[in-house]
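Using my numbering, the letters of the sequence shown correspond one by one to residues 1 to 283.
No wet-lab data here; the hints were simulated from the structure. Cβ atoms here follow ideal geometry from the backbone N, Cα and C, with glycine treated the same way. Any given hint could be a false lead.
The calculated label-pair distances, taken between Cβ atoms and stated as ranges, are [said to hold, decoys possible]: (1) Q150 <-> D68: 28 to 34 Å; (2) D68 <-> Q214: 21 to 27 Å; (3) T205 <-> Q109: 47 to 53 Å; (4) K211 <-> L59: 41 to 47 Å; (5) C5 <-> K69: 30 to 36 Å; (6) G21 <-> E239: 34 to 40 Å.
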Amino acid sequence: MSEACFIKGLYLVATPIGNLGDISARAVDVLNAADIIACEDTRNTKKLLTLLGITGKKLTAYHEHNADKVRPYILERLRNDTMIALVSDAGTPLVSDPGYRLVQDCIEQNIYVTAVPGASAVLTALQLSGMPCHRFLFQGFLPPKTVARQKELALLADIPATLIFYESPQRLEETLQDMTLVLGDRQAAVVREITKKFEQTVRGTFSDLLKNYQENGFPKGEIVIVVSPPKQKNPTIDEIENQLRQVLKKMSLKEAVAFVVKQTGETKKVVYQKALEIKNADG
């Protein structure tokens, strides 16, 4: 693809997590065409560009510590018809990395923004975990201090979704202990070094994982923790009735029954009978 095929603007480019093969052909084209490459660590990005055979590129450091200072410079260049690629050290930009404020400013100033998809530790870990994928919440890194971490977990405890976290190997034991205490002994998976030589996924309850690591040593490298959703609580008949009364105002009896069955996990027979009772009572 030639440079002429690209619109001037901001390109959010996913880079390899581990293997160079994680990067897409389009990402390589964008990096080749970019006037400036904004990156977390210029040293890491230089290594990547060298491996890709890309030379002569202007690199600008853009990370959480200098974002407020560097963002105006990047926006000024973008307003002057510059093509800039934003990359993280590994994976997809903006996911636990700075960048969303830059994207917001570009949108407000009518600057072209697009994304070049590729490797994502979040989605890869979710796939490898074996946990439900239809609804998930990515929380990023939890607070490093115990009290703050437990408070954050308490806010997530009842969310009916698979939970995904980044964590450092130094805090893995404490985090698993806090998860057991706050979330209960749920099923989880610890995925580390995704797409790299020592990639590993360990699955089990929090207590299983802790026992395994305490006996065999805690892992090193980049870690993603995937946690199963909370078990559904059996709804009371009053809760089912209240929900039915609300949805019957907007839906047909058949639609309301199907909706409540899906929401509560109760049998269709029980929900249908209660819906009929409500209909008959209301005339």
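Here is how each hint holds up against the structure:
Between Q150 and D68 the C-beta distance comes to about 31 Å, which sits within the given range of 28 to 34 Å. The hinted window of 21 to 27 Å between D68 and Q214 is violated, with their beta carbons roughly 42 Å apart. In this structure, T205 and Q109 meet the distance hint of 47 to 53 Å, their C-beta atoms being roughly 49 Å apart. Roughly 45 Å separates the CB atoms of K211 and L59, a value that falls within the hinted 41 to 47 Å.
Evaluation of the 30 to 36 Å hint for C5 and K69 yields a pass: the beta carbon distance comes to about 33 Å. Between G21 and E239, the C-beta spacing of about 51 Å breaks the proposed range 34 to 40 Å.
Hints 2, 6 from the list above are not met by this structure, while the remaining hints are.
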